[in-house]
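**Q** Turn these sequences into a full structure, and let the hints steer you where they fit.
Going letter by letter, the sequence shown gives residues 1 to 702 in our numbering.
Please keep in mind that the hints were generated in silico from the structure rather than gathered at the bench. Worth double-checking, as some hints may not be accurate.
Claimed, not checked - Think about it this way: if two alpha-carbon atoms lie no more than 27 Å apart in a straight line, the pair counts; the simulated DSSO-like pairs of lysine-lysine are:
id, residue 1, residue 2
1, 652, 688
2, 470, 486
3, 491, 470
4, 623, 688
5, 199, 245
6, 622, 701
7, 511, 491
Claimed, not checked - Listed next, with one range per pair, are the computed distances between beta-carbon atoms:
id, residue 1, residue 2, range
8, 451, 643, 25 to 35 Å
9, 151, 25, 33 to 43 Å
10, 660, 445, 44 to 54 Å
11, 280, 17, 12 to 22 Å
12, 480, 248, 53 to 63 Å
13, 397, 447, 20 to 30 Å
14, 675, 409, 52 to 62 Å
15, 671, 101, 52 to 62 Å
Ideal Cβ placement from N, Cα and C applies to all residues, glycine included.
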Amino acid sequence: MKKNTDSSNSLFNGFSEPDRRLIELALAVVAQIPDDEHYYRPKGIEVAAILMDFNVDLSTILAAILSDPRLVQLNLKPNIKEQFGKIVAALVKDVNWLNTITVYSLEMADQPNQTEILRRMLLSMTQDVRAVLIKLAFRIKRLRGLPRESYEIRRFIAQETLDVYAPIANRMGIHQLKWELEDMAFRYLKPQSYRRIAKSLNDNRISRENCVHRFIGLLQERLADAGIVAEISGRPKHIYSIWKKMQRKQLAIDELYDLLAVRVIVDNLTNCYATLGVVHSDWQTIPKEFDDYIANPKENGYQSLHTVILDQDGNRIEVQIRTRAMHEFAELGVAAHWSYKEGGKHDAAIEKSISSLRKLLENKDDDDTLGENFRNELFHDRVYVLTPKGQLIDLVRNATPLDFAYAIHTEIGHRCRGAKVNGRIVPLTYTLKSGEQVEILTAKDGGPNRNWIDLNLGYLKTSAAISKVKSWFKNQQQTQNITAGKAILDKESRRLGLKTPNLMELAKYFKQPDTDKLLEAIGRNDISARQLALFFKIPELEVAAVKKQLPKLTNKSIVSVDGVDNVLTTFASCCLPVQGDEIIGYISLKKGITVHRKSCENITHLRLEKQVRLVSVSWGEKKSSYFVPIVIQTFSAQNVLSDVTQILSQAKIHIANASLDTHPDFSAVLNLTIQITNTDQLSQVLNKISCLPNIVDVKRKT
Numbered sequence: 001m002k003k004n005t006d007s008s009n010s011l012f013n014g015f016s017e018p019d020r021r022l023i024e025l026a027l028a029v030v031a032q033i034p035d036d037e038h039y040y041r042p043k044g045i046e047v048a049a050i051l052m053d054f055n056v057d058l059s060t061i062l063a064a065i066l067s068d069p070r071l072v073q074l075n076l077k078p079n080i081k082e083q084f085g086k087i088v089a090a091l092v093k094d095v096n097w098l099n100t101i102t103v104y105s106l107e108m109a110d111q112p113n114q115t116e117i118l119r120r121m122l123l124s125m126t127q128d129v130r131a132v133l134i135k136l137a138f139r140i141k142r143l144r145g146l147p148r149e150s151y152e153i154r155r156f157i158a159q160e161t162l163d164v165y166a167p168i169a170n171r172m173g174i175h176q177l178k179w180e181l182e183d184m185a186f187r188y189l190k191p192q193s194y195r196r197i198a199k200s201l202n203d204n205r206i207s208r209e210n211c212v213h214r215f216i217g218l219l220q221e222r223l224a225d226a227g228i229v230a231e232i233s234g235r236p237k238h239i240y241s242i243w244k245k246m247q248r249k250q251l252a253i254d255e256l257y258d259l260l261a262v263r264v265i266v267d268n269l270t271n272c273y274a275t276l277g278v279v280h281s282d283w284q285t286i287p288k289e290f291d292d293y294i295a296n297p298k299e300n301g302y303q304s305l306h307t308v309i310l311d312q313d314g315n316r317i318e319v320q321i322r323t324r325a326m327h328e329f330a331e332l333g334v335a336a337h338w339s340y341k342e343g344g345k346h347d348a349a350i351e352k353s354i355s356s357l358r359k360l361l362e363n364k365d366d367d368d369t370l371g372e373n374f375r376n377e378l379f380h381d382r383v384y385v386l387t388p389k390g391q392l393i394d395l396v397r398n399a400t401p402l403d404f405a406y407a408i409h410t411e412i413g414h415r416c417r418g419a420k421v422n423g424r425i426v427p428l429t430y431t432l433k434s435g436e437q438v439e440i441l442t443a444k445d446g447g448p449n450r451n452w453i454d455l456n457l458g459y460l461k462t463s464a465a466i467s468k469v470k471s472w473f474k475n476q477q478q479t480q481n482i483t484a485g486k487a488i489l490d491k492e493s494r495r496l497g498l499k500t501p502n503l504m505e506l507a508k509y510f511k512q513p514d515t516d517k518l519l520e521a522i523g524r525n526d527i528s529a530r531q532l533a534l535f536f537k538i539p540e541l542e543v544a545a546v547k548k549q550l551p552k553l554t555n556k557s558i559v560s561v562d563g564v565d566n567v568l569t570t571f572a573s574c575c576l577p578v579q580g581d582e583i584i585g586y587i588s589l590k591k592g593i594t595v596h597r598k599s600c601e602n603i604t605h606l607r608l609e610k611q612v613r614l615v616s617v618s619w620g621e622k623k624s625s626y627f628v629p630i631v632i633q634t635f636s637a638q639n640v641l642s643d644v645t646q647i648l649s650q651a652k653i654h655i656a657n658a659s660l661d662t663h664p665d666f667s668a669v670l671n672l673t674i675q676i677t678n679t680d681q682l683s684q685v686l687n688k689i690s691c692l693p694n695i696v697d698v699k700r701k702t
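**A** Here is the structure:
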């Protein structure tokens with residue numbers, strides 16, 4: 001039972017006695033696992049040993065030990081929460097999930113967007129970022145044991161490391177893990193290139209070290225003479241980063257100037273430029289290799305002076321100069337990890353979590369406040385789900401299966417009729433969670449439901465999906481209007497016994513940009529059948545003949561025509577003139593004089609050749625009543641009909657018909673047709689209605 005706990009205990013000498021007792025308890029738990037000489041996967045104690053190099057806290061060490069995947073073999077499994085606390089139990093749960101996730105596939109190597117979504121999903125689904133740190137240590141140990149595995153497994157694990165886990169280490173600012181992950185993965189993926197670069201570095205290692213040490217010594221003397229206090233060190237290069245630069249610049253290894261690199265850290269900004277002056281005055285420089293990222297910081301905020309000099313032997317040495325604050329930002333802020341190296345954008349939540357992790361790595365005390373900073377910080381506004389084929393989809397938080405369907409393809413969204421999440425049927429309003437697999441059930445044809453764009457019903461959360469649904473309904477309405485417009489135009493042509501006019505000519509006359517817009521306007525009744533009839537030319541002689549044949553009335557009419565008050569007249573149904581309106585007459589073939597309001601669109605849009613049929617008309621002495629449609633818009637439908645009816649009753653105005661249309665947000669539109677005697681009476685009653693509560697607008701319908 002004791003196994004190697006004595007040697008293991010020596011790893012944890014830096015902890016206090018109470019902490020060591022907890023560690024010994026965790027070691028005793030894993031000591032119950034039976035030995036298996038064929039078991040090649042990393043053990044928790046081995047992972048904890050790797051993490052000790054990072055001065056991690058007690059909870060991280062305990063979780064690493066207790067995340068040993070072999071614990072599932074025990075008949076009597078330990079109660080981790082009871083023995084070690086809820087933080088350790090949560091960490092173990094997260095690490096076990098990370099160790100069993102199987103989303104990655106080799107096809108993702110050529111799909112940067114998919115690997116980025118996977119990285120975000122892993123970070124978003126862990127409650128504590130320290131679990132990711134433990135997972136990275138597990139991956140280091142896994143890579144160290146890969147020589148025992150088959151070629152296929154080596155290739156898969158190495159590629160997954162480069163695509164997923166090295167960028168996560170980089171993002172978290174844990175450079176030592178990042179470099180080791182990259183170099184070991186590269187060793188398995190490109191063994192020949194790895195050995196060639198490693199041999200070249202080894203062959204020239206002593207020469208390079210001597211060159212750098214000699215330059216550092218000389219620069220230290222020059223800066224001391226100038227009164228500048230500086231911390232100078234060599235900057236190591238790693239095999240994978242060297243290979244990437246060789247590929248990017250298409251250079252051989254001996255042509256890379258920054259294999260020799262020195263970093264200078266000074267106290268203030270003034271000394272940055274003073275140091276640069278010393279370097280440029282005492283050594284020959286390569287002008288095209290100078291960059292001032294202090295005066296012109298990178299977009300992510302990275303600041304430093306970069307220059308390249310030639311030493312006395314002709315060696316090119318890169319020199320970076322920065323203040324302590326700039327260096328800490330480069331090492332601990334976003335500039336050193338994902339924004340600087342991966343080209344991503346600044347993310348305050350990520351920077352905060354990385355900063356908290358760094359503080360925790362520097363402090364062995366299990367700080368609950370810092371621990372809380374890791375929870376729900378990264379990508380808390382996103383959710384990451386999978387298609388049945390394993391493709392990752394990035395959605396907004398609280399997204400639904402319907403949002404997912406539209407993210408896959410617009411037509412999938414339109415024809416969506418149901419959804420399964422992890423194989424179980426769910427409502428289309430179900431709130432998706434990261435890591436769930438979603439399958440959309442579709443109809444062969446059909447379209448979306450109008451309820452989907454009602455925000456109160458919760459079908460859609462993404463603006464892009466809502467926009468697609470609205471666009472579908474708009475297009476459907478346009479198609480229906482075009483079809484209706486064709487039918488109306490054909491019907492009007494047949495009624496007049498004429499051929500269908502040239503559509504382009506008709507579109508130009510009605511000021512429409514194209515024939516589709518013309519037909520759509522006809523279908524919407526923006527262009528009425530009467531307006532279409534006016535387009536068909538009627539000879540002026542026919543107009544004169546019609547004037548002569550106008551029937552006369554024995555009694556006076558409501559309207560007089562050119563001073564004559566016994567001419568047959570009818571009121572136009574398109575504008576419904578009321579006594580008091582400015583009016584004009586139009587000679588029709590069958591109805592005598594049709595009386596319009598002068599503002600009627602049928603009159604204002606009348607073609608020049610048709611204007612000969614207009615005649616002057618005026619209101620006569622005879623009084624009459626008129627039916628006028630009005631429309632009332634209101635915030636609330638409650639009591640609106642009874643309130644309006646009461647006002648009309650008091651004014652002794654008859655209501656011919658009424659209809660009330662209510663909307664989901666409780667607003668409403670009330671359409672009334674009322675009987676009045678003149679425009680003054682109409683104006684008075686509209687003013688009274690407008691004073692009612694909740695009324696938005698009231699007007700005469702035109």
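**Q** Each of the hints needs a verdict: does it hold here or not?
**A** The hints, checked one at a time:
A threshold of 27 Å between alpha carbons decides the hint, and for residue 652 with residue 688 the separation of about 14 Å falls inside it, so the pair holds. Only pairs whose Cα atoms come within 27 Å are accepted, and residue 470 paired with residue 486 is accepted, the gap being roughly 25 Å. Pair hint residue 491 plus residue 470 does not hold up; C-alpha atoms about 32 Å apart against a cutoff of 27 Å. A hinted pair counts as satisfied when its Cα atoms are at most 27 Å apart, and residue 623 with residue 688 qualifies at roughly 24 Å.
A distance of roughly 17 Å separates the Cα atoms of residue 199 and residue 245; the hinted pair therefore holds under the 27 Å criterion. Among the hinted pairs, residue 622 with residue 701 is consistent with the structure: their alpha-carbon atoms are about 25 Å apart, no more than 27 Å. Restraint check: the Cα-Cα separation between residue 511 and residue 491 comes to about 22 Å, which is no more than 27 Å; the hinted pair holds. The hint said 25 to 35 Å for the Cβ distance between residue 451 and residue 643, and at roughly 31 Å that hint holds.
Distance hint check for residue 151 and residue 25: the Cβ-Cβ separation is about 41 Å, which falls inside the suggested range of 33 to 43 Å. For residue 660 paired with residue 445, a C-beta distance near 35 Å fails the hint of 44 to 54 Å. Residue 280 and residue 17 have their C-beta atoms about 56 Å apart, which leaves the hinted 12 to 22 Å range violated. Distance hint check for residue 480 and residue 248: the Cβ-Cβ separation is about 56 Å, which falls inside the suggested range of 53 to 63 Å.
A C-beta distance of roughly 28 Å is found between residue 397 and residue 447, which places it inside the suggested range of 20 to 30 Å. Between residue 675 and residue 409 the C-beta distance comes to about 56 Å, which sits within the given range of 52 to 62 Å. For residue 671 and residue 101, the hinted distance range of 52 to 62 Å is satisfied, since their beta carbons lie about 60 Å from each other.
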